[in-house]
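Undergrad: These are the residues of each chain, in order.
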Amino acid sequence: EPEVTQTPSHQVTQMGQEVILRCVPISNHLYFYWYRQILGQKVEFLVSFYNNEISEKSEIFDDQFSVERPDGSNFTLKIRSTKLEDSAMYFCASNSGAASTDTQYFGPGTRLTVL
Amino acid sequence: AQSVSQHNHHVILSEAASLELGCNYSYGGTVNLFWYVQYPGQHLQLLLKYFSGDPLVKGIKGFEAEFIKSKFSFNLRKPSVQWSDTAEYFCAVTGYGGSQGNLIFGKGTKLSVKP
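For the protein sequence lines, the chains are A and B, in the order given. Counting from 1, position 74 in the first sequence corresponds to residue 356 in the numbering used here; the numbering is continuous, with no gaps. Counting from 1, position 31 in the second sequence corresponds to residue 56 in the numbering used here; the numbering is continuous, with no gaps.
No lab work stands behind these hints, which were simulated from the structure alone. Check before you lean on any hint, since a few could be wrong.
Said to hold, decoys possible - Reference excerpt, derived from the structure (chain B facing chain A, CB under 10 Å, subset only):
hint, residue
1, His68
2, Leu71
3, Ser77
4, Pro80
5, Leu81
6, Thr111
7, Ala112
8, Leu128
9, Ile129
10, Ser137
11, Pro140
Cβ coordinates follow ideal geometry from the N, Cα and C atoms, glycine included.
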């Protein structure tokens, strides 16, 4: 069964450094998402992406964040200058349709630790 | 603002016990409702979803959920749990219609089933 994959599984970085989290969505999916979960808190929506542009973003997704689909398979989340409060689990998801009823398929997550 | 509340942080049951996990949502319009499960070390995966029709929805692995519109609830049930149901369970909602599929999650309920 096709899966969403994410790399790395764990990333440790120093405050102020840039990080890029990578995701490979399911191959025939067209809609991509990033979510994050700070330890002990809810899974929160960050951004959705379709047709090479952002569809929607939350207030968390400020100028420090960007997303890109650099080729036909990868979907990346970049944090330009990490802060301590960016430490969280970051989940990528994808689905094939735009409807709000369509099932999103999640990757295993990348645990980001900012020191 | 849309929100999802899950009443129980951690539920501990013995095998064969019945399960009910509470979920309430706050949303100004028609919603689509989801239960996701995360088994230890695995991805978030869909258990079941409701968007229209019969308010009693059946999902995988013997789970079901009932949408009660008047109570803004979508509780998850299973008549007899197994040790393999040990996992974290997340209730989520999206707004009805449109192209905005971003999921709003509850905080999750950790279920521990004792053999």
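Undergrad: Of all the hints given earlier, name the ones this structure violates by number, lowest first.
TA: 4, 5, 6, 7, 10, 11
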